[in-house]
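Taken in sequence, the protein lines are chains A and B. Position one of the first sequence corresponds to residue 6 (the working numbering), numbered consecutively onward. Position one of the second sequence corresponds to residue 12 (the working numbering), numbered consecutively onward.
Keep in mind that the hints are not guaranteed to be accurate.
Computed beta-carbon distance windows for the label pairs [what the hints assert, rightly or not]:
#	chain 1	residue 1	chain 2	residue 2	range
1	A	A347	B	P75	37 to 45 Å
2	B	P223	A	D9	35 to 43 Å
3	B	A260	A	G345	27 to 35 Å
4	B	D252	A	R351	24 to 32 Å
5	B	E67	A	R351	27 to 35 Å
6	A	G286	B	E212	37 to 45 Å
7	A	M11	B	A40	19 to 27 Å
8	B	R241	A	G286	29 to 37 Å
9	B	R28	A	M11	44 to 52 Å
10	A	R381	B	A40	49 to 57 Å
11	B	P223	A	R10	33 to 41 Å
12	B	E212	A	L383	52 to 60 Å
Computed cross-link-like contacts, DSS-like style, restricted to lysine-lysine with a CA-CA straight-line distance of at most 30 Å [as the list claims (entries may be wrong)]:
#	chain 1	residue 1	chain 2	residue 2
13	A	K30	B	K207
14	A	K30	B	K191
15	B	K77	B	K92
16	A	K335	A	K207
17	A	K55	B	K209
18	A	K30	B	K259
19	A	K55	B	K191
20	A	K30	B	K251
21	B	K207	B	K77
22	B	K201	B	K191
23	B	K92	B	K208
These are calculated hints, taken from the structure and not from any lab test. The beta carbon of each residue, even a glycine, is placed where N, CA and C say it ideally should be.
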Amino acid sequence: MPADRMLPTEQAADLVALTREIAAKELAPLASEYEAASRFPREQFRVLGKAGLLGLPYPERWGGAAQPYEVYLQVLEEIATAWMTVGVGLSVHTMACYPLARFGSDTQRDEWLPDLLAGDVLGAYALSEAGAGSDAAALTARAVRDGEDYRVTGTKSWITHAGEADFYTVFVRTSDTGTEGISCLLAVADTPGLAVGPAEHKMGLTGSPTAQLIFDDARIPIHRRMGEEGEGLRIALDALNSGRLGIAACAVGLAQAALDEAVSYSIQREQFGRPIIEFQGLQFLLADMAAAVQSARATYLEAARRRDAGLDFRRHASIAKLVATDAAMKVTTDAVQVLGGAGYTRDFPVERYMREAKVPQIFEGTNQIQRMVIARELRKAARSR
Amino acid sequence: MNIVVCVKQVPDTWAERTLRPADSCLDRASVDGVINELDEYAIEEGLLQAEAHDGEVTILSMGPQKAAESIRKALSMGADKAVHLVDDGLAGSDALGTSLALSTVLARIGFDLVILGAEATDARMGVLPAMLAERLRVPQLSLARKVEIDGNTVTVHRLTEYGYDQVVASLPAVVSVVEKINEPRYPSFKGIMAAKKKPVETLSLADAGIDPAQVGLGAAATEVLSFAKRPPRQAGTIVKDEGDGGSKAAEFLAAQKFI
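So that you can see chain B by itself, here it is in the shape it has in the complex:
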């Protein structure tokens, strides 16, 4: 089985992140890049499914040269090979452009199953899995907390507010995963050494046959008009317990619609 896991390098979640004043794009250069957290679960699920079904895992990442670090980490976790789509013309792509670029590459390399995190921690759009499935004309199974493959059928438990839905589709398909699905493994030193020898294909827009006019900041259908720093946190409400602390706390929670 040919499994492709889409991996995005994002700025470290713990670092302070800003937009660049010049083009209102996320400043990716000044902070450490890490694998988008949910994509680590996607990698783990890809590896588990490949182990169970004698498959092969290909990592697909679109991003600047620096994203090669994240690809290396995915390979050191155990993926077999990788495709890195890297081109200055891709910078500033919105979800439409990104899904066009990734789906073009996916159609080119072929797949039985595409797995990716349900959203990325930088933009938090959460629309890419749906867009990819639509562009590729294959079923989308979203928010999976469990994936089972039997022959040509994939079944997922889709996370809902009330528990889960069981969703069944035929392969090929796109599956997006949530963090309840598994526990991502750490790479090992042997994995790090092995990753050195695994094939990484680097594609430019021209190599991949993607029209530069349809991707990048210029082609984006969305635009950031203005942005401001998040205001500093307001001081919290202090409730003094005069025998009625419990009911005051309950009132507060009710007012905030927590209960």
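Bound conformation, chain A alone:
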């Protein structure tokens, strides 16, 4: 059963209807097969791009759709319900476009943003390193000025759809001044000296390769730097605030898929002569799952509406990411429980949903980091009172 949505405009409703149609026809039928075969759905991203879904929250001037986050995130949620890998991929692409869209100069935006938003080009986001995960400012990949270029050497880790992306938004160290020494560069995938490592063997989201990006004296023109030198960490964290909302929406979409599967199974499955949904033990489980999905959706939409209104939404984004990803873990686990032995097999999608639900608690800032952010914002608010 599709989620009930309150959308602000008729166009937003049409956009969600279009998304549902594409999700039902182009995404959902392929998800299990592609995930099992570790096959990346590159063509499906092109279908989304052609429909204009890869640049939703960005300005129309550069080919975006100028949609509020309230609408973009609900589109994203619908996509993640059909196929989490595609939802996460779209969220990462949107985040990879953010530094250029938000901090790039008009010249830079005119030159590159239309291609990034037009749908044929896929972007990835390269912040983490082996030794710089939660402590992102500890990154060591280094960019040294040489004429008109930076020469970049170092290894970025955990890069979503690495090797499939056409460009990478990369954070590198341009000086040793700690958090002030980081800069943001836009690297095209075929940059000489840029190699992609072997894909990690992951628990879930197996349709999308996650790998290292290895820079070995790769030249990236200085005019491909977003914002000022040293401004990189601020840009990265700003992009992550919005990216967290994307992950929250994906997690809700995944939880919705698990709930739908559990309800549909419990109507069909009979034990003791009755569909199992008639037993209170199951009803309470399903009701709690529905409550978790709906409250998580309300939480990310509250944060989105604050963002759309131009209000500070850092605490709300972290709360949304925390609440939604924990809800997805719980709901997908319970969906396996509802399906019983069948749920534990790969003949049904819920075991995959459960595996896919784990990593949203980890990436885009672990849920422990989200709690740090929430507490820091609480303290700041209390002090400024």
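Once you have looked at the hints, place chain B on chain A.
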């Protein structure tokens, strides 16, 4: 070239559909409405022909207010404008009434080519294209899996059991299409935004000059006397393979006249 595509909003094929006990009419209110699947192919063909022959595509739909959603989708796919025939007096029209109403509007707005799906997924009569052509006194080319227009001539490959027939007619004409003809495009976000600004003319029976006595449930030449829920599916036949599974399966298929 002036191409008109007739589009019907039907209850979502995947939803459970029922008739209303009060008047034995299809309950359209309680389920989501979608564009009749074959009409999407008709829209796509209209757009392709318009692109190739510098034409314009008008969507014509008869249906309740809710059908405006389907008209909007057709416009967001790329059609240029639309006419929506909407009037409570049309409810319950059978194929005769529907063809009268649509042909009246078609004669009024004019056309070189009318395209529509070969049948609708709700009633599955498949007679509307023929009735429209007859009422409009123009050739009908049915079950097209390919359409070619050259000057004033339209040629279609008409789907048959053995392949296809080549059927040629002069314009204006009515063409009905099957799903083999093309791959309907998705709307795009730009299409959705553009659709907002495209003209949709809304006509009542009076506006269109249609006699209310000749359409609607009261004028229907057909009547549903009774209806019943489809019986639940019977358990299938289980054939146990004792070395003769192949011949038993063949016997079963022969008995069902599949082979």
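Structure-based check of each hint:
1. A C-beta distance of roughly 42 Å is found between A347 (chain A) and P75 (chain B), which places it inside the suggested range of 37 to 45 Å.
2. A C-beta distance of roughly 38 Å is found between P223 (chain B) and D9 (chain A), which places it inside the suggested range of 35 to 43 Å.
3. Restraint check, A260 (chain B) to G345 (chain A): a C-beta distance of roughly 33 Å satisfies the suggested window 27 to 35 Å.
4. The given range of 24 to 32 Å is respected by D252 (chain B) and R351 (chain A), whose C-beta atoms sit roughly 27 Å from each other.
5. As the Cβ distance of E67 (chain B) to R351 (chain A) is approximately 52 Å, the hint placing it in 27 to 35 Å is violated.
6. A hinted range of 37 to 45 Å is violated for the C-beta pair G286 (chain A) and E212 (chain B), which are about 57 Å apart.
7. At about 21 Å, the beta-carbon gap between M11 (chain A) and A40 (chain B) stays in the expected band of 19 to 27 Å.
8. A C-beta distance of roughly 33 Å is found between R241 (chain B) and G286 (chain A), which places it inside the suggested range of 29 to 37 Å.
9. Range check, R28 (chain B) to M11 (chain A): Cβ separation about 27 Å, and the 44 to 52 Å hint is violated.
10. The hinted window of 49 to 57 Å between R381 (chain A) and A40 (chain B) holds, with their beta carbons roughly 52 Å apart.
11. A C-beta distance of roughly 39 Å is found between P223 (chain B) and R10 (chain A), which places it inside the suggested range of 33 to 41 Å.
12. Taken as a hint, the range 52 to 60 Å holds for the pair E212 (chain B) and L383 (chain A), whose Cβ atoms sit roughly 58 Å apart.
13. A C-alpha spacing of about 25 Å is found between K30 (chain A) and K207 (chain B), which places the hinted pair at or below 30 Å, so the restraint holds.
14. Restraint check for K30 (chain A) and K191 (chain B): the C-alpha separation of about 17 Å stays at or below 30 Å, so the hint holds.
15. Restraint check: the Cα-Cα separation between K77 (chain B) and K92 (chain B) comes to about 17 Å, which is no more than 30 Å; the hinted pair holds.
16. Among the hinted pairs, K335 (chain A) with K207 (chain A) is consistent with the structure: their alpha-carbon atoms are about 20 Å apart, no more than 30 Å.
17. Distance check on the hinted pair: K55 (chain A) and K209 (chain B) sit about 21 Å apart at the alpha-carbon level, within 30 Å; holds.
18. As the CA atoms of K30 (chain A) and K259 (chain B) are separated by approximately 37 Å, the hinted pair breaks the 30 Å bound.
19. Taken as a hint, the K55 (chain A) and K191 (chain B) pair is honoured in the structure, with Cα atoms around 23 Å apart against an allowance of 30 Å.
20. For the hint linking K30 (chain A) to K251 (chain B), the alpha-carbon distance of about 37 Å lies beyond 30 Å, and the restraint is violated.
21. Taking the CA atoms of K207 (chain B) and K77 (chain B), the gap is about 16 Å. The hint holds against a cut of 30 Å.
22. About 27 Å separates the Cα atoms of K201 (chain B) and K191 (chain B), which keeps this hinted pair within 30 Å; it holds.
23. For the hint linking K92 (chain B) to K208 (chain B), the alpha-carbon distance of about 10 Å falls within 30 Å, and the restraint holds.
Comparing the model with each earlier hint shows violations of hints 5, 6, 9, 18, 20; every other hint is respected.
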